[in-house]
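Asks: Note that the protein sequences, when read in sequence, are chains C and Y. Residue numbers for the first sequence follow the numbering used here, beginning at 290 and rising by one. Residue numbers for the second sequence follow the numbering used here, beginning at 290 and rising by one.
Hints are not guaranteed to be accurate.
[Stated by the list, open to error] In silico DSSO-like pairs for lysine-lysine, Cα to Cα no more than 30 angstroms straight-line:
#1 K555/Y - K322/C
#2 K593/Y - K322/Y
#3 K402/C - K555/C
#4 K555/C - K322/Y
#5 K402/Y - K593/Y
#6 K555/C - K322/C
The set of hints was computed from the structure by calculation and includes no laboratory data.
There are 2 protein chains.
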Amino acid sequence: MPAICDFTLGNPHEMPLQGVVTAIREWAIPHDKNWFAYKASEPEPQAFIAERLGLELDLAFEPGDIALTAGAFAAIMIAFRLVVDAGDEVIYSEPAWFCYEPMLLAANAVPRKVNLRSPTFDLDLVAVEAAIGPRTRLVIVNTPHNPTGRIYSRASLEALADLLERASARIGHRIFLLSDEPYRQLRFDGHGFTSPAALYPWTLISYSYGKVLLAPGQRLGYLALSPLMPTADRHSLRAVLFSAQMALGWCFPNAVMQYAVPDLDKLSIDQVALTRRRDRFMAALLRAGYSVLVPEGTFYLWSKWTDSDPQRQWNALADRDVFVLPGSVMNSPGYFRISLTASDEMVERALPAFVEVA
Amino acid sequence: MPAICDFTLGNPHEMPLQGVVTAIREWAIPHDKNWFAYKASEPEPQAFIAERLGLELDLAFEPGDIALTAGAFAAIMIAFRLVVDAGDEVIYSEPAWFCYEPMLLAANAVPRKVNLRSPTFDLDLVAVEAAIGPRTRLVIVNTPHNPTGRIYSRASLEALADLLERASARIGHRIFLLSDEPYRQLRFDGHGFTSPAALYPWTLISYSYGKVLLAPGQRLGYLALSPLMPTADRHSLRAVLFSAQMALGWCFPNAVMQYAVPDLDKLSIDQVALTRRRDRFMAALLRAGYSVLVPEGTFYLWSKWTDSDPQRQWNALADRDVFVLPGSVMNSPGYFRISLTASDEMVERALPAFVEVA
Chain C
290 MPAICDFTLG NPHEMPLQGV VTAIREWAIP HDKNWFAYKA SEPEPQAFIA
340 ERLGLELDLA FEPGDIALTA GAFAAIMIAF RLVVDAGDEV IYSEPAWFCY
390 EPMLLAANAV PRKVNLRSPT FDLDLVAVEA AIGPRTRLVI VNTPHNPTGR
440 IYSRASLEAL ADLLERASAR IGHRIFLLSD EPYRQLRFDG HGFTSPAALY
490 PWTLISYSYG KVLLAPGQRL GYLALSPLMP TADRHSLRAV LFSAQMALGW
540 CFPNAVMQYA VPDLDKLSID QVALTRRRDR FMAALLRAGY SVLVPEGTFY
590 LWSKWTDSDP QRQWNALADR DVFVLPGSVM NSPGYFRISL TASDEMVERA
640 LPAFVEVA
Chain Y
290 MPAICDFTLG NPHEMPLQGV VTAIREWAIP HDKNWFAYKA SEPEPQAFIA
340 ERLGLELDLA FEPGDIALTA GAFAAIMIAF RLVVDAGDEV IYSEPAWFCY
390 EPMLLAANAV PRKVNLRSPT FDLDLVAVEA AIGPRTRLVI VNTPHNPTGR
440 IYSRASLEAL ADLLERASAR IGHRIFLLSD EPYRQLRFDG HGFTSPAALY
490 PWTLISYSYG KVLLAPGQRL GYLALSPLMP TADRHSLRAV LFSAQMALGW
540 CFPNAVMQYA VPDLDKLSID QVALTRRRDR FMAALLRAGY SVLVPEGTFY
590 LWSKWTDSDP QRQWNALADR DVFVLPGSVM NSPGYFRISL TASDEMVERA
640 LPAFVEVA
């Protein structure tokens with residue numbers, strides 16, 4: 290339906306990157322008889338990512354710290370398996386990606402949700418600290434943050450690291466941190482990025498190539514252990530990576546996608562176009578009376594509805610063939626999320642509708 | 290190491306099927322902007338497999354009965370998620386694929402193992418019945434059977450279906466059956482095949498294209514619900530397939546592999562060559578004094594060591610650069626498994642070693 294302007298999910302609205310096509314076709318040509326044999330975390334992409342990520346975050350990753358996964362979903366699931374026992378509590382901040390909760394429940398963990406501090410949607414460290422109890426085992430941080438586009442500051446993450454260090458000592462066992470960073474490469478206005486893995490040694494990073502390539506249908510990601518982690522802990526986690534990935538459904542990426550890692554790592558969707566759409570949307574929405582948070586990263590725009598009946602406004606947009614993600618699915622009914630993976634043409638077509646319903 | 294004769298795992302020892310390469314390269318070319326977007330179970334491969342499997346098993350599958358999965362591992366994990374609660378017991382027969390146990394433990398299920406009836410390795414229905422208790426929720430049947438190569442007879446599976454029907458009534462809840470059939474297309478000597486899904490309505494089928502294509506590195510398989518299942522049960526399982534696959538790590542196959550299903554479905558490794566290797570091995574091993582079970586399906590050969598010290602014999606083979614899977618990893622220390630996915634040249638090179646150590 291060409292008339293529909295669908296801004297709900299981070300799905301492509303333009304043809305795929307040619308480099309993704311070329312890489313898959315190139316690496317589908319077998320070099321040896323084991324080309325399509327069982328693949329776990331292959332040594333070449335492990336080494337490539339360890340070096341690449343090490344340069345990016347200024348951390349000395351080793352190949353053994355990197356588990357290749359079928360997207361970030363699998364990386365997150367493995368992280369839960371590695372550090373969370375049945376009945377353990379896992380803290381994360383809302384609004385949040387709507388899959389943490391069902392994935393935690395599937396892992397027999399107990400989700401403990403706290404709120405981000407609106408209207409800036411910074412981490413609320415007082416709330417995190419208050420949520421920590423004797424069964425707390427993991428805290429999830431998502432930066433750059435979906436849906437708000439915030440990138441948490443180094444100071445804020447340092448304070449979180451201090452808090453987790455003290456709380457771990459208090460409750461008598463180590464609280465781990467999962468830094469979910471699939472949007473790490475997608476940042477606006479030259480914003481920097483600090484990974485919690487550089488500040489809190491017991492950090493695991495989940496990453497997906499699905500965002501920066503806008504190709505989430507070709508599952509490729511990784512879980513990385515912070516090299517700051519004490520050797521004993523780091524090696525005991527490394528030692529169970531393979532068996533966890535096997536037991537959770539052999540959730541390694543396809544052979545072809547693993548071979549293609551160095552080629553794919555050079556590619557990105559058009560970030561200039563993302564910025565152009567962000568700016569176009571923000572100017573129009575602000576003028577129409579919406580409160581819009583300036584996203585520092587991701588490809589989302591997080592905005593407040595203009596009146597007190599979000600359902601009515603969402604329906605009014607839908608009546609005009611414009612669809613956004615209602616904040617209600619992220620426990621933030623006063624807000625909505627726009628995906629900037631739209632085409633420019635869609636943006637222009639949709640803007641009058643946003644003005645009309647404001 | 291070219292001197293090594295490695296018969297341990299079902300991995301390729303010759304170059305991949307050209308058809309697999311062609312299909313991946315062909316279907317990597319995008320037809321539309323959603324080519325690499327998030328893919329769940331896509332309607333086209335669902336419909337294709339429903340029809341194809343329906344013809345093969347003479348059962349009226351509908352597209353909604355088919356969940357596309359990243360290989361059979363994922364299909365099995367989803368089956369556990371669909372029907373097994375934490376603490377429920379799952380029965381399977383040994384020797385068995387060595388991943389059932391860690392996967393069941395990862396699903397917080399309790400494995401209950403019974404023995405197959407040696408020396409024929411038929412199902413031991415008396416043992417299965419005796420193992421059923423108030424917490425039994427699932428029985429796994431693997432046919433054609435890894436490692437023994439047995440294909441269970443219709444009569445034997447009918448008796449199992451009767452048994453499960455009676456036991457379900459007795460314990461007051463439904464016992465499900467998982468029919469793990471990744472070797473279904475790999476049968477010797479014109480042997481037929483009966484799926485438990487045709488006999489026991491509460492059957493789920495797990496399948497992988499990884500065996501028949503000998504391409505386990507390109508994860509592609511499915512979970513199928515028996516269309517004989519009563520509508521209410523069938524629809525309630527269908528309704529949770531997507532959320533289970535999402536929560537367990539978005540374990541759908543890659544986009545390209547889903548597009549390629551109709552092309553891949555036409556392909557098979559060289560079954561004449563498998564038969565030739567089986568016959569060559571069997572003749573030589575029998576002459577050398579080994580007891581070999583004639584495999585009816587799979588690409589394995591299950592044989593007894595000739596003396597009472599299997600470890601010594603395994604070491605003696607290894608000293609001659611010949612490696613087999615010791616039965617001890619499948620709780621059958623008196624036996625070993627040979628994978629026929631070897632090259633003919635490997636077989637000829639290895640045969641003298643088997644004779645020498647007998």
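Asks: Among the hints numbered above, which are violated by the structure, and what are their numbers in rising order?
Replies: Structure breaks hints 2, 3.
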